[in-house]
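Undergrad: When you get a sec, could you build the whole thing from the sequences and use the hints?
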Amino acid sequence: MPFAGIVSHHLLAYKFIDEWFFELAERNPKIKTFIVLSPSHWNLSRADFSMTSGAWNCDGNLLETDEKTQKIFLEKLDGKIEDDVFLYEHGVSAIAPFIAKYFPKSKIVAIAYESESPVNTKIAKRLSAALEPFVAKKDFFILISSDFSHHHNLEKTKQNDNVSRKFFAAPNRTTWQFALCDNPFAMYALTHATNEKFRAVIQRNTNSFEISRQDENDITSYFFCYFVKNKK
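Heads up, the sequence shown is in the numbering used here, so the first residue is 1 and it goes up one at a time.
These aren't lab readings, by the way, just hints derived from the structure by calculation.
Please note that a few of the clues may not be correct.
[Claimed, not checked] Distance ranges between label pairs, derived from CB positions:
hint : residue 1 : residue 2 : range
1    : L11       : K229      : 26 to 34 Å
2    : K197      : D59       : 36 to 44 Å
3    : V201      : K71       : 28 to 36 Å
4    : K156      : L62       : 35 to 43 Å
5    : G54       : R173      : 32 to 40 Å
6    : K166      : E67       : 37 to 45 Å
7    : K71       : V228      : 26 to 34 Å
8    : D18       : L62       : 14 to 22 Å
9    : P29       : N120      : 30 to 38 Å
10   : G54       : T174      : 31 to 39 Å
11   : T121      : I202      : 23 to 31 Å
12   : H90       : E132      : 22 to 30 Å
13   : L44       : L154      : 29 to 37 Å
14   : K71       : E216      : 41 to 49 Å
We put the beta carbon where it would ideally sit given N, CA and C, even for glycine.
TA: Encoded structure:
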(Lines of atoms letter the chains of each structure in order from A and count residues from 1; the text may use other names and numbers.)
(Lines give C-alpha, C1' and ligand atoms only; values in the text may rest on other atoms or scores of the structure.)
Protein backbone atom coordinates (compact mmCIF):
# COMPACT_ATOMS: atom_id res chain seq x y z
CA MET A 1 0.00 0.00 0.00
CA PRO A 2 1.55 3.35 -1.01
CA PHE A 3 2.27 5.83 1.79
CA ALA A 4 3.62 8.54 -0.53
CA GLY A 5 3.96 9.36 -4.19
CA ILE A 6 4.94 11.83 -6.90
CA VAL A 7 2.57 13.41 -9.39
CA SER A 8 3.01 16.15 -11.99
CA HIS A 9 1.52 19.62 -11.61
CA HIS A 10 1.49 20.32 -15.37
CA LEU A 11 -2.06 20.07 -16.67
CA LEU A 12 -0.69 19.17 -20.09
CA ALA A 13 -0.36 15.73 -18.49
CA TYR A 14 -3.89 15.76 -17.05
CA LYS A 15 -4.79 12.33 -18.48
CA PHE A 16 -1.86 10.77 -16.67
CA ILE A 17 -2.57 12.70 -13.46
CA ASP A 18 -6.09 11.29 -13.63
CA GLU A 19 -4.79 7.74 -14.22
CA TRP A 20 -2.40 8.08 -11.29
CA PHE A 21 -5.17 9.11 -8.89
CA PHE A 22 -7.50 6.42 -10.23
CA GLU A 23 -4.88 3.78 -9.43
CA LEU A 24 -4.11 5.33 -6.04
CA ALA A 25 -7.80 5.14 -5.12
CA GLU A 26 -7.69 1.42 -5.89
CA ARG A 27 -4.45 0.86 -3.99
CA ASN A 28 -5.32 2.94 -0.91
CA PRO A 29 -8.98 4.01 -0.85
CA LYS A 30 -9.00 4.94 2.86
CA ILE A 31 -6.87 8.08 2.61
CA LYS A 32 -8.44 10.86 4.68
CA THR A 33 -5.78 13.56 4.42
CA PHE A 34 -3.28 14.44 1.69
CA ILE A 35 -0.14 16.24 2.84
CA VAL A 36 0.81 18.06 -0.36
CA LEU A 37 4.41 19.20 -0.68
CA SER A 38 4.80 21.85 -3.36
CA PRO A 39 7.60 24.09 -4.54
CA SER A 40 6.73 27.74 -4.15
CA HIS A 41 6.77 28.82 -7.78
CA TRP A 42 7.94 32.37 -8.45
CA ASN A 43 9.23 32.44 -4.84
CA LEU A 44 5.99 33.89 -3.54
CA SER A 45 6.47 32.38 -0.08
CA ARG A 46 7.82 34.82 2.47
CA ALA A 47 8.14 32.28 5.28
CA ASP A 48 10.22 29.11 5.13
CA PHE A 49 6.94 27.20 4.97
CA SER A 50 3.72 28.70 3.63
CA MET A 51 0.34 27.16 4.44
CA THR A 52 -3.30 28.08 3.94
CA SER A 53 -6.58 27.55 5.74
CA GLY A 54 -8.43 27.96 2.47
CA ALA A 55 -10.32 25.44 0.39
CA TRP A 56 -10.34 24.55 -3.29
CA ASN A 57 -13.61 24.65 -5.22
CA CYS A 58 -13.34 21.68 -7.56
CA ASP A 59 -16.38 21.66 -9.85
CA GLY A 60 -18.72 22.03 -6.91
CA ASN A 61 -16.77 19.71 -4.62
CA LEU A 62 -15.02 21.62 -1.86
CA LEU A 63 -11.59 20.29 -0.91
CA GLU A 64 -11.06 21.66 2.58
CA THR A 65 -7.99 22.03 4.76
CA ASP A 66 -7.51 19.53 7.59
CA GLU A 67 -7.06 22.25 10.20
CA LYS A 68 -6.24 19.87 13.06
CA THR A 69 -3.33 18.36 11.16
CA GLN A 70 -2.34 21.72 9.74
CA LYS A 71 -1.92 23.07 13.28
CA ILE A 72 0.62 20.33 13.98
CA PHE A 73 2.65 21.27 10.90
CA LEU A 74 2.44 24.99 11.64
CA GLU A 75 3.93 24.40 15.07
CA LYS A 76 6.62 21.91 14.03
CA LEU A 77 7.68 23.85 10.94
CA ASP A 78 7.28 27.32 12.41
CA GLY A 79 5.13 27.83 9.33
CA LYS A 80 2.96 30.79 8.44
CA ILE A 81 -0.51 31.16 6.99
CA GLU A 82 0.06 32.89 3.64
CA ASP A 83 -3.21 32.45 1.80
CA ASP A 84 -2.16 34.68 -1.10
CA VAL A 85 0.61 32.25 -2.07
CA PHE A 86 -1.96 29.59 -2.89
CA LEU A 87 -4.05 31.82 -5.13
CA TYR A 88 -1.37 31.29 -7.78
CA GLU A 89 0.36 28.07 -6.70
CA HIS A 90 -0.35 25.52 -9.44
CA GLY A 91 1.74 22.98 -7.55
CA VAL A 92 -1.41 22.52 -5.46
CA SER A 93 -4.28 23.87 -7.56
CA ALA A 94 -3.46 21.65 -10.54
CA ILE A 95 -3.90 18.46 -8.53
CA ALA A 96 -6.65 19.51 -6.09
CA PRO A 97 -9.49 18.61 -8.52
CA PHE A 98 -8.17 15.07 -8.85
CA ILE A 99 -8.03 14.64 -5.07
CA ALA A 100 -11.63 15.86 -4.85
CA LYS A 101 -12.69 13.55 -7.69
CA TYR A 102 -11.23 10.30 -6.39
CA PHE A 103 -11.22 11.04 -2.64
CA PRO A 104 -14.32 13.23 -2.19
CA LYS A 105 -14.36 12.84 1.61
CA SER A 106 -10.69 13.66 2.08
CA LYS A 107 -9.01 16.86 3.22
CA ILE A 108 -5.69 18.49 2.47
CA VAL A 109 -2.71 20.09 4.17
CA ALA A 110 -0.87 22.16 1.57
CA ILE A 111 2.72 23.21 2.24
CA ALA A 112 4.79 25.39 -0.09
CA TYR A 113 8.45 26.35 0.24
CA GLU A 114 11.47 27.41 -1.78
CA SER A 115 12.81 24.33 -3.53
CA GLU A 116 15.69 25.55 -5.65
CA SER A 117 18.96 23.63 -5.70
CA PRO A 118 21.06 23.41 -3.65
CA VAL A 119 18.56 22.31 -1.01
CA ASN A 120 18.79 24.06 2.34
CA THR A 121 19.02 20.84 4.34
CA LYS A 122 18.80 22.65 7.68
CA ILE A 123 15.30 23.84 6.78
CA ALA A 124 14.39 20.59 5.01
CA LYS A 125 15.17 18.62 8.18
CA ARG A 126 12.31 20.43 9.89
CA LEU A 127 9.94 19.07 7.27
CA SER A 128 11.39 15.57 7.64
CA ALA A 129 10.78 15.65 11.39
CA ALA A 130 7.23 16.92 10.91
CA LEU A 131 6.46 14.21 8.35
CA GLU A 132 7.90 11.35 10.41
CA PRO A 133 4.80 10.46 12.49
CA PHE A 134 2.58 10.51 9.41
CA VAL A 135 4.62 7.97 7.45
CA ALA A 136 3.09 5.18 9.55
CA LYS A 137 -0.51 6.43 9.40
CA LYS A 138 -2.48 4.63 6.72
CA ASP A 139 -5.14 7.33 6.42
CA PHE A 140 -2.53 9.97 5.53
CA PHE A 141 -0.72 10.25 2.21
CA ILE A 142 2.39 12.32 1.49
CA LEU A 143 1.96 13.74 -2.01
CA ILE A 144 4.99 15.28 -3.71
CA SER A 145 4.01 17.71 -6.45
CA SER A 146 6.90 17.71 -8.89
CA ASP A 147 8.00 17.77 -12.50
CA PHE A 148 11.41 16.64 -13.60
CA SER A 149 13.81 17.71 -16.37
CA HIS A 150 13.05 21.23 -17.66
CA HIS A 151 13.88 23.26 -20.79
CA HIS A 152 15.96 20.77 -22.78
CA ASN A 153 15.76 18.89 -26.06
CA LEU A 154 14.72 15.25 -26.17
CA GLU A 155 18.24 13.82 -25.97
CA LYS A 156 19.18 15.85 -22.89
CA THR A 157 15.78 15.20 -21.32
CA LYS A 158 16.30 11.45 -21.64
CA GLN A 159 19.79 11.79 -20.16
CA ASN A 160 18.43 13.70 -17.19
CA ASP A 161 15.65 11.16 -16.67
CA ASN A 162 18.22 8.38 -16.63
CA VAL A 163 19.97 10.20 -13.79
CA SER A 164 16.65 10.55 -11.94
CA ARG A 165 16.11 6.81 -12.31
CA LYS A 166 19.07 6.26 -9.98
CA PHE A 167 16.90 7.78 -7.26
CA PHE A 168 13.87 5.69 -8.16
CA ALA A 169 15.96 2.51 -8.27
CA ALA A 170 16.87 2.92 -4.59
CA PRO A 171 15.29 5.92 -2.86
CA ASN A 172 17.32 6.77 0.23
CA ARG A 173 19.21 9.51 2.07
CA THR A 174 21.95 9.58 -0.55
CA THR A 175 20.20 8.99 -3.85
CA TRP A 176 17.63 11.78 -3.41
CA GLN A 177 20.24 14.05 -4.98
CA PHE A 178 19.85 12.23 -8.31
CA ALA A 179 16.24 13.38 -8.67
CA LEU A 180 16.57 16.13 -11.29
CA CYS A 181 13.30 17.87 -10.60
CA ASP A 182 11.72 21.12 -9.40
CA ASN A 183 11.06 19.74 -5.91
CA PRO A 184 14.33 18.27 -4.59
CA PHE A 185 13.43 19.70 -1.17
CA ALA A 186 10.62 17.15 -0.88
CA MET A 187 12.85 14.29 -2.04
CA TYR A 188 15.23 15.11 0.79
CA ALA A 189 12.43 15.49 3.31
CA LEU A 190 10.75 12.20 2.43
CA THR A 191 13.92 10.10 2.44
CA HIS A 192 14.92 11.56 5.81
CA ALA A 193 11.47 11.18 7.39
CA THR A 194 11.77 7.46 8.10
CA ASN A 195 14.41 4.84 8.87
CA GLU A 196 12.29 2.20 7.16
CA LYS A 197 13.39 1.10 3.72
CA PHE A 198 10.95 1.71 0.91
CA ARG A 199 10.87 1.35 -2.84
CA ALA A 200 9.54 3.37 -5.74
CA VAL A 201 6.98 1.97 -8.15
CA ILE A 202 7.11 4.01 -11.35
CA GLN A 203 3.70 4.09 -12.95
CA ARG A 204 4.76 6.23 -15.91
CA ASN A 205 7.65 8.28 -17.25
CA THR A 206 6.86 10.61 -20.12
CA ASN A 207 7.45 14.19 -21.23
CA SER A 208 5.72 17.20 -22.72
CA PHE A 209 7.02 16.54 -26.25
CA GLU A 210 5.73 12.96 -26.26
CA ILE A 211 2.32 14.28 -25.22
CA SER A 212 2.03 17.37 -27.44
CA ARG A 213 4.61 16.95 -30.22
CA GLN A 214 5.43 20.62 -29.70
CA ASP A 215 8.37 22.64 -28.32
CA GLU A 216 10.98 19.97 -28.91
CA ASN A 217 13.71 22.18 -27.42
CA ASP A 218 11.77 23.15 -24.30
CA ILE A 219 10.70 19.82 -22.83
CA THR A 220 9.49 19.03 -19.32
CA SER A 221 9.58 15.42 -18.17
CA TYR A 222 7.28 13.64 -15.73
CA PHE A 223 7.60 10.69 -13.38
CA PHE A 224 4.42 9.33 -11.81
CA CYS A 225 5.23 6.98 -8.98
CA TYR A 226 4.18 5.48 -5.66
CA PHE A 227 6.40 4.80 -2.67
CA VAL A 228 5.78 1.51 -0.89
CA LYS A 229 7.43 0.22 2.28
CA ASN A 230 9.49 -2.93 1.93
CA LYS A 231 8.07 -6.01 3.58
CA LYS A 232 9.82 -6.92 6.81
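Undergrad: Is it true that K156 and L62 lie within 35 to 43 Å of each other by Cβ?
TA: Hint holds: Cβ distance 42 Å, inside 35 to 43 Å.
Undergrad: Go ahead and decide if the range 26 to 34 Å is satisfied by the Cβ distance of L11 to K229.
TA: With a Cβ separation near 31 Å, L11 and K229 satisfy 26 to 34 Å, so the hint holds.
Undergrad: Could you see if the CB distance from T121 to I202 stays within 23 to 31 Å?
TA: holds (26 Å)
Undergrad: How does the Cβ-Cβ distance of L44 and L154 compare with 29 to 37 Å: does it lie in that range?
TA: The hinted range 29 to 37 Å holds for L44 and L154, with Cβ atoms some 31 Å apart.
Undergrad: Note whether the CB distance of K71 and V228 lies within 26 to 34 Å or breaks it.
TA: Taking Cβ atoms as reference, K71 and V228 lie about 29 Å apart, which means the hint holds.
Undergrad: Within 41 to 49 Å: is that where the Cβ-Cβ distance between K71 and E216 falls?
TA: Since K71 and E216 have Cβ atoms about 47 Å apart, the given range 41 to 49 Å holds.
Undergrad: Does the hinted range 22 to 30 Å hold for H90 and E132 at CB?
TA: Since the Cβ atoms of H90 and E132 sit about 28 Å apart, the hinted range of 22 to 30 Å holds.
Undergrad: Taking the CB of K197 and the CB of D59, does the distance hold inside 36 to 44 Å?
TA: holds (39 Å)
Undergrad: Is the hinted range of 14 to 22 Å satisfied by the C-beta distance from D18 to L62?
TA: Taking Cβ atoms as reference, D18 and L62 lie about 20 Å apart, which means the hint holds.
Undergrad: A range of 30 to 38 Å was offered for this pair. Does it hold for the Cβ distance of P29 and N120?
TA: holds (36 Å)
Undergrad: Given a hint of 31 to 39 Å, does the C-beta separation of G54 and T174 actually sit inside it?
TA: Since G54 and T174 have Cβ atoms about 37 Å apart, the given range 31 to 39 Å holds.
Undergrad: Taking 32 to 40 Å as the stated bounds, is the beta-carbon spacing between G54 and R173 within them?
TA: holds (34 Å)
Against the hints set out earlier in the document, no violation occurs for any number.
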